[in-house]
Amino acid sequence: MDPMALHAPVDFNKSLEEMTPEERMRAEHQLMHEKHKGHEAMHSEMVLVLLITLIVAQVILVTWKQRHYKSYAATTLVAMWLIPMGISISYSFIRFIVIWILFSLLTAFVIRKAVSKPIERTTPRLVYKWFLLIYQISYILGIGGYIVMMATFIGFNYIFNQGPNVWMDTGLLLVFYGLYIGVLGRDISEICSEKMAVQIGYYTPQGIPTRHLDNNVCAICGNQLLVNVKEEGLFENTYKLTCNHIFHEFCIRGWCIVGKKQTCPYCKEKVDLKRMFRNPWERPHVLYGRLLDWIRWLVAWQPLIFFIVQAINWALGLE
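The opening position of the sequence shown corresponds to residue 1 in this note's numbering, with each subsequent residue numbered one higher.
Among the hints, a few may not be true.
[What the hints assert, rightly or not] Label-pair distances were calculated between CB atoms; the ranges are:
hint, residue 1, residue 2, range
1, Phe109, Ala311, 34 to 44 Å
2, Thr20, Ala79, 27 to 37 Å
3, Asn223, Lys65, 35 to 45 Å
4, Leu226, Met150, 38 to 48 Å
5, Glu190, Leu226, 27 to 37 Å
6, Ser90, Asn223, 44 to 54 Å
7, Phe109, Gly317, 22 to 32 Å
8, Ala311, Tyr69, 25 to 35 Å
9, Gly155, Ala73, 40 to 50 Å
10, Leu298, Asn228, 42 to 52 Å
Just so you know, the hints here were simulated from the structure itself, not pulled from any lab data. Heads up, the beta-carbon is just placed ideally off N, CA and C, and yes, glycines get one too.
Please take these sequences and the hints and turn them into a complete structure.
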C-alpha cells in the first residue's frame, strides 16, 4: 500500500468489522497516530532512558566479567536457561517449551552423573557423548538454517510454492535453536568437566593405586576393549598413550574434556593429549568467542535490560 494512502479519509462512523481491510488498516494507523500526537518529548525521554540504561548495563556487565568471572558466567548461564523459557510461557511458544523441557531433563541427568560422588567409571564417556551430540545437533541446525535463508534470497522457495516469509522464518528459527543449544551445551560441558576433574582417576594423591588394571580393559571405565589399537572400529577406536595405557575412544575423549590436565587418567604421567584430541566445541578463534559472548548477551541480558527500561518508564510515568 502507498504510504500516502494511509492518511486518506476514513469513515469512523463504521465499526472496524464493517470496514474493508484497507479501511481498517488506515483507521488503525490514524488512531495510533492521533494517540501519540504531541508525545514527541515523552518519546525522546524514553529513548534517552533506553540509551542510558544500555550504557550503564554494559559497563556493569563488563566490569563484573573482568573482576568476578565465575559468578558472571554462572549467572549468565542460569539467565540463558530460564529467561527464554519464561518468555515462551508468557507468549505460549509450545515448540520451544517442549524442546527446552527435553533438553533440560536430559542435561540435568548428565550433570547429576558428573557431580555425583564417587564418580562412576563410565561417566566421562557419557558426558563426552552427550555434549558431542549437542554440538552436532547445534551445528546441523545452524548450517541448515543458514542454507534455508540463502535459498530464500535466491528464490528457491517459489519452486515449492512457499512465500519467502515462511522460509526466512524457518531459517531464522533453525539458526536460533542451533546457536542457543550450542552455547548452552558448551557452557554446561565446562562446568561438568570442572566438577569431574577433582574426583576422577585410579590413583590417590599419595600415589597408591585404588584398584588393579587388568589386561585388555579400558583404564578408565574398566570394561573390555573390543578393538585393537591399530584397528578401525565400527563405533569407536582404541587409543594407546605414550605411557602404554589403553582406552576406549569415548572414554579418553571424555577424560580430555574433564581435566585438561594433559595426564594419563590411570598413572598421571604427563602426556600431550591436545596433540591427539581436540574437543569439537573448542574454538580458540577470537571472533568465534565474541560471537558466543554476543549470543549470551542477546539471550540472557537483553531481555532483562529491556524489562528494567520498562520499569523505569513506568516509574517516571512514560508510556
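So, going through the hints one by one against the coordinates:
At about 37 Å, the CB distance of Phe109 to Ala311 agrees with the hint of 34 to 44 Å. Evaluation of the 27 to 37 Å hint for Thr20 and Ala79 yields a failure: the beta carbon distance comes to about 46 Å. The beta-carbon spacing between Asn223 and Lys65, approximately 42 Å, falls within the hinted interval of 35 to 45 Å. Distance hint check for Leu226 and Met150: the Cβ-Cβ separation is about 43 Å, which falls inside the suggested range of 38 to 48 Å.
Judged by the Cβ atoms, the range 27 to 37 Å given for Glu190 and Leu226 holds: they are separated by roughly 31 Å. Checked against the given bound of 44 to 54 Å, the beta carbons of Ser90 and Asn223, roughly 47 Å apart, stay inside it. Taking the beta carbon of each, Phe109 and Gly317 are about 49 Å apart, not inside 22 to 32 Å as hinted. Against the hinted window of 25 to 35 Å, the Cβ-Cβ separation of Ala311 and Tyr69 comes to about 28 Å, which satisfies the hint.
In this structure the hint that Gly155 and Ala73 lie 40 to 50 Å apart at CB holds, the actual value being about 43 Å. For Leu298 paired with Asn228, a C-beta distance near 48 Å keeps the hint of 42 to 52 Å intact.
Against the hints set out earlier in the document, violations occur for numbers 2, 7.
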